[in-house]
Amino acid sequence: MTGGVLPVWWDDAADGPTNMAADELLAEEADRRGGPVIRLYSWTEPTVSLGGFQRLVEAESCAAISGLPIVRRPSGGGAIIHGTDLTYAAAVPKSHPWGGTPQTLYDAMHAAMVAVLWDFGFDARLHVPSADDPPADALLCFSRRSPGDVVVRGAGRPARPTDPKVMGSAQRRLGTTVLQHGSLLLATCLGVGGEARHEGLRELAGPPADWTARSLADRWTARVAEAVNIVREVQPATFTCGHLPEVAARASRFRDPRWTGRR
Amino acid sequence: MAEMKFAKSHEWVRPEAGGLATVGISKYAVEALTDLVFMQLPPVGRKVKAGESLGEIESVKAVSDIYAPVSGEIVEVNAALPNQLDTLGSDPYGAGWIVRIKPDDPAEMSGLLDQTAYDALVKS
Chain B
0 MTGGVLPVWW DDAADGPTNM AADELLAEEA DRRGGPVIRL YSWTEPTVSL
50 GGFQRLVEAE SCAAISGLPI VRRPSGGGAI IHGTDLTYAA AVPKSHPWGG
100 TPQTLYDAMH AAMVAVLWDF GFDARLHVPS ADDPPADALL CFSRRSPGDV
150 VVRGAGRPAR PTDPKVMGSA QRRLGTTVLQ HGSLLLATCL GVGGEARHEG
200 LRELAGPPAD WTARSLADRW TARVAEAVNI VREVQPATFT CGHLPEVAAR
250 ASRFRDPRWT GRR
Chain E
0 MAEMKFAKSH EWVRPEAGGL ATVGISKYAV EALTDLVFMQ LPPVGRKVKA
50 GESLGEIESV KAVSDIYAPV SGEIVEVNAA LPNQLDTLGS DPYGAGWIVR
100 IKPDDPAEMS GLLDQTAYDA LVKS
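Line order of the protein sequences matches chains B and E. By numbering that gives the first Met the number 0, the letter at position 185 of the first sequence is numbered 184, and the numbering carries on one by one without gaps. By numbering that gives the first Met the number 0, the letter at position 123 of the second sequence is numbered 122, and the numbering carries on one by one without gaps.
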């Protein structure tokens with residue numbers, strides 16, 4: 000780790016292939032800098048990102064998400080419907096204390112978000128597996144539960160082992176770095192069918208809702224930096240803007256039907 | 000049995016009779032990944048360079064590359080393995096082998112870690 004800085008980029012909305020290409024480059028940026036980096040972003044249209052080895056046919060045959068564009072992530076995990084979420088990519092060198100086992104980085108990012116959600120009045124916690132957990136191989140990420148996912152008890156409701164999941168993450172473990180994708184569900188996505196309509200923070204919050212995606216993310220990245228005693232540094236330009244030719248070149252792989260249909 | 004060598008990326012390689020080399024991933028790596036759910040093997044006949052990805056493995060939510068510890072041609076894959084991923088944990092240096100490579104240069108293995116050096120790496 001060098002410099003004691005956590006660079007954070009807020010990127011403009013982009014399509015799926017552009018976002019995936021930028022995230023791969025973000026992993027290389029972590030390698031160059033020798034420390035953690037974070038990119039926060041959104042999507043130009045509601046999009047399904049499929050886990051690295053999920054079956055495309057399963058997503059295409061799911062009526063609830065029919066018609067949405069699909070991009071395959073390099074990371075694992077379940078499919079995410081982007082559009083009403085805050086998406087992040089974090090990358091750390093494997094030599095970093097967070098780069099060891101997969102769960103270490105999940106826990107670091109998720110524990111910081113639990114603390115921020117408490118600041119904003121949510122009854123949030125890290126999920127502990129229980130016999131009530133849904134199947135681990137459900138198509139949609141927010142229909143699954145993994146140890147350490149962020150779950151929230153809705154305002155005025157009793158706590159249940161099956162409280163809604165509002166944040167999940169998945170990884171691509173590269174040669175010298177780890178790229179972690181994650182999604183914080185801000186609100187139910189109304190443009191999809193029933194089984195894909197997961198409750199988000201907006202539905203789970205008690206009044207007044209004095210948070211925004213920006214305020215949550217600002218506090219979250221600050222807490223992430225504090226956890227390893229480094230300084231969060233919000234970058235003045237977007238990450239994609241600083242890597243336009245490389246992002247454009249690499250996005251072509253994520254547009255290629257052979258990549259999307261690899262399984 | 001010939002000495003097994005290790006790459007820093009946690010693959011092992013063992014010279015075999017006939018000039019081939021068997022490749023797998025270390026017990027440490029399997030235990031770190033936990034709960035393996037899917038594996039993609041390379042096609043037989045593919046040429047790989049040392050350090051290049053020759054396959055991918057997914058544990059719960061994490062996809063990892065498997066890197067070639069030596070350069071050469073993949074001459075055999077353990078086709079049964081993707082359907083028996085538990086074998087990677089129960090017998091990582093035996094039935095959990097992943098591919099056999101015909102090395103371009105057998106001397107390339109001398110640049111890899113021996114068991115003692117690898118054990119020190121994972122303990123550091």
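I should point out that these hints are in silico values taken from the structure, not numbers from a laboratory. Fair warning: there could be bad hints in the mix.
What the hints assert, rightly or not - For each label pair, taking beta carbons as the anchor points, the in silico distance ranges come out as:
(1) T211(B) - E2(E): 57 to 65 Å
(2) G44(E) - G192(B): 40 to 48 Å
(3) A1(E) - G174(B): 25 to 33 Å
(4) K48(E) - P206(B): 36 to 44 Å
(5) A106(E) - A212(B): 52 to 60 Å
(6) T211(B) - G44(E): 52 to 60 Å
(7) E57(B) - Y92(E): 33 to 41 Å
(8) A247(B) - T115(E): 15 to 23 Å
(9) G110(E) - D131(B): 45 to 53 Å
What the hints assert, rightly or not - Just a sample of chain B residues kept apart from chain E, beta carbon distances all over 10 Å, derived:
(10) R31
(11) H95
(12) P134
(13) P160
(14) R172
(15) T187
(16) R262
Just so it is clear, CB atoms sit at the ideal spot from N, CA and C, and this is done for glycine as well.
Are A247(B) and T115(E) spaced within 15 to 23 Å by their CB atoms? violated, 47 Å
Non-interface claim for P134(B): all C-beta distances to chain E beyond 10 Å? holds, 13 Å
How does the Cβ-Cβ distance of E57(B) and Y92(E) compare with 33 to 41 Å: does it lie in that range? holds, 35 Å
Status of R262(B), Cβ more than 10 Å from any chain E Cβ: R262(B) is in fact no farther than 10 Å from some Cβ atom of chain E, at 8 Å.
Cβ separation check - T187(B) to all of chain E, threshold 10 Å: For T187(B), whose nearest Cβ neighbour in chain E is about 23 Å away, the distance exceeds 10 Å, so it holds.
Regarding A106(E) and A212(B), is the given constraint of 52 to 60 Å on their beta-carbon distance met? holds, 56 Å
Determine whether the non-interface label on P160(B) survives the test: each CB of chain E must be over 10 Å from its CB. Label holds. Min Cβ-Cβ 19 Å, cutoff 10 Å.
Grab the minimum beta-carbon distance between R31(B) and chain E and tell me whether it stays above 10 Å. holds, 18 Å
57 to 65 Å was suggested as the range; check whether the CB atoms of T211(B) and E2(E) agree with it. holds, 59 Å
G110(E) versus D131(B) beta-carbon gap, inside 45 to 53 Å or not: Roughly 51 Å apart at Cβ, these two residues keep to the hinted range, so it holds.
Would you say R172(B) is clear of chain E, with no C-beta pair closer than or equal to 10 Å? Not fine: 4 Å to the nearest Cβ puts R172(B) too close to chain E.
Tell me if the beta carbons of A1(E) and G174(B) are separated by a distance inside 25 to 33 Å. holds, 26 Å
In summary, the structure is inconsistent with hints 4, 8, 14, 16 from the numbered list given earlier, while agreeing with the others.
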